[in-house]
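Peer 1: Chain by chain, the residues:
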Amino acid sequence: MNVGPPNRNSKSTWTSKLATGLAPLVVLVVVVIAWQGLVWARDIPKFLLPSPRDIALATWTDGPRLWAATVRTASEAIAGFGLSVAVGFILASILGQARWIRLSLMPYVLVFQTIPIIGVAPLLITWFGNTFSTVMLIAAFISIFPIISNTTTGLISVDSAHLDLFRLNRASRWQIYWYLQVPTSLPFFAAGIRIASAASVLGACVGDYFVGTAQQEGLGFLVFQAKDRDAGLMFATLLVLTIMGFVYYLLASLFSRAILLRWEDHHLR
Amino acid sequence: MSSHATEPNAALAILARDVNKSFGTQVVLRDLNLDIARGEFVCFLGASGCGKSTVLRLMAGLETPDAISEACGNPARLELRASETSDATVPRLGFVFQQPNLLPWRTVDENVGLPLRLQGTNRGVRLSEVERSLREVGLTSADGNKWPRMLSGGMQMRASLARALVTRPEIMLLDEPFSALDEVLRQRLGEELRQWHHQFGWTTIFVTHHVSEAVFLADRILMFRSLQSGVEQVSLAADLPIEFGVARNTALRESRDYVEEVIRVTKRFRELQL
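So the sequence lines, in the order shown, correspond to chains A and B. Everything in the first sequence is counted per the numbering used here, starting at 1 for the first residue and increasing by one. Everything in the second sequence is counted per the numbering used here, starting at 270 for the first residue and increasing by one.
Take the hints with a grain of salt, since some may be wrong.
[Said to hold, decoys possible] Example chain A residues on the side facing chain B (calculated, C-beta under 8 Å, incomplete):
1) MET106
2) PRO107
3) ASP164
4) PRO183
[Said to hold, decoys possible] Per label pair, the in silico range of CB-to-CB distance:
5) B:ASP356 - A:TRP178: 27 to 35 Å
6) B:PHE469 - A:SER160: 26 to 34 Å
7) A:ILE101 - B:ASP356: 35 to 43 Å
8) B:HIS467 - A:ARG102: 43 to 51 Å
9) B:GLN468 - A:LEU254: 44 to 52 Å
10) A:VAL87 - B:GLY308: 39 to 47 Å
11) B:PHE292 - A:ILE101: 23 to 31 Å
12) B:GLN388 - A:ILE90: 47 to 55 Å
13) A:TYR108 - B:GLN388: 36 to 44 Å
14) A:VAL87 - B:HIS467: 51 to 59 Å
15) A:THR13 - B:GLY470: 52 to 60 Å
16) B:PHE469 - A:THR13: 37 to 45 Å
17) A:VAL26 - B:GLU452: 53 to 61 Å
[Claimed, not checked] A few chain A residues facing chain B, derived, Cβ under 10 Å:
18) GLN113
19) THR114
20) ASP159
21) ALA161
22) LEU165
23) LEU186
24) ARG262
Hints in this document: simulated from the structure, not taken from any laboratory. Please read these numbers as outputs of a predicted model, since none were measured by experiment. Beta carbons: idealized from backbone N, C-alpha and C, even for Gly.
Use the sequences and the hints to build the structure in full.
Peer 2: Here it is as structure tokens:
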């Protein structure tokens, strides 16, 4: 898309929309054909680079297995995302109450954020076992920081004149939080949600990789399993993960639009 | 007019004695003493940054005065009194900001009703009071359903006035409310404000830096002067009665008396700024 205001009154809106939608598809088709052609022409072995045809075949033959793994990872990501939104919002609400609370707690939030997930995952497995909950926690661990950080910033971005208005009317702490701070923070919160949505898929994938067993394999585990045996399946799994991340981001964007309906001025489109 | 100080206390709406305000080491208001009678319309006139808005914020309770006056050692007294007919001990205040200051995520109705909502007034009363307020300021219930951003600047200011009068205040404090509006609209709202002042029996304080606006609106103009560092002086510099009576309309604005009064006050204003 071009930078600049959208051209709303143009009569060619319909065709330009079609072109905008078609352009990426054309690119996709060209890339797939070139890829397939390259593999055929150079006779590249499948374990190095499977052709689109190999990937499609693997998707077809391993369909049920792939689907089961997709459902698992999708649920883990959603659960982790939900957990990080809930806990992140509560933590941000505490941080947003007073400067001294931020000063005393923010360093630990930052330290927590810098702990590498690779180091935390084995610990979580020790505590919670090779379970759905462990993966959910890993997904939440990765996606919670943007929520905390954005929402806290939003909660303290209250306009001073608005605050005067509330103080004039002797608003309680709770009323200031609920009627002023929370609405002010929502555009920031929405931006945090969109970042967290993609991160939660990454977290679920990493979690699968650590936690997965043959009985309960998610997409992260499947990639690992297929690496040496079936390059077609591995690529198919990667494809599904990519689509999942994209779909989650779209859903989060729709959700953030819904909660921002009242903020047209600040709308982060 | 100094004679106000001799009026019986029962008629006083606002009393200030030895009120100082400093932020850190910077003194922004020095030794304010004033009496404002019930039903008076007083304009605070002064250059930008002379502390006149600070006085308004002190009265509204948004700032607290320094505990004691540095000059005379007396404790500060700042009292807002409820009328005798009122059962409250503290008068209800209306406050109008320089900007409309509406919450963009709430409709005009919800914005106007906000003070009542914060007080916990029940929904039925709230809705009828909001409707009444909108009507008083010349907005329709259709306007009430809109978002603030859909209203013009003048209508946003009307909504802001509606919010200030929804609690049926006794004392109305306005901080340069019309300064962002065009001249014609400012004059029209000034005339309406003066009408509401009588209709609702307010004691009104109106902060402005426009001499002509102050002369048109006020029963009394209090002139403020910027504090210069190192010079001992009070920030409230002059107390001028304006005797145009109750009727303030376009005819007054075009009268010779009004023009002469504006010239007189402007001259005084200029002298004080030097």
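Peer 1: Next step is simple, just say for each hint if it's right about the structure.
Peer 2: Here is what the structure says about each hint:
no.	hint	in the structure
1	MET106	violated (26 Å)
2	PRO107	violated (29 Å)
3	ASP164	holds (6 Å)
4	PRO183	holds (5 Å)
5	B:ASP356 - A:TRP178: 27 to 35 Å	holds (30 Å)
6	B:PHE469 - A:SER160: 26 to 34 Å	holds (29 Å)
7	A:ILE101 - B:ASP356: 35 to 43 Å	holds (40 Å)
8	B:HIS467 - A:ARG102: 43 to 51 Å	holds (50 Å)
9	B:GLN468 - A:LEU254: 44 to 52 Å	holds (50 Å)
10	A:VAL87 - B:GLY308: 39 to 47 Å	violated (56 Å)
11	B:PHE292 - A:ILE101: 23 to 31 Å	holds (25 Å)
12	B:GLN388 - A:ILE90: 47 to 55 Å	violated (28 Å)
13	A:TYR108 - B:GLN388: 36 to 44 Å	holds (39 Å)
14	A:VAL87 - B:HIS467: 51 to 59 Å	holds (57 Å)
15	A:THR13 - B:GLY470: 52 to 60 Å	holds (58 Å)
16	B:PHE469 - A:THR13: 37 to 45 Å	violated (52 Å)
17	A:VAL26 - B:GLU452: 53 to 61 Å	holds (59 Å)
18	GLN113	violated (30 Å)
19	THR114	violated (35 Å)
20	ASP159	holds (8 Å)
21	ALA161	holds (5 Å)
22	LEU165	holds (6 Å)
23	LEU186	holds (8 Å)
24	ARG262	holds (4 Å)
Of the numbered hints stated above, those contradicted by the structure are hints 1, 2, 10, 12, 16, 18, 19, listed in ascending order.
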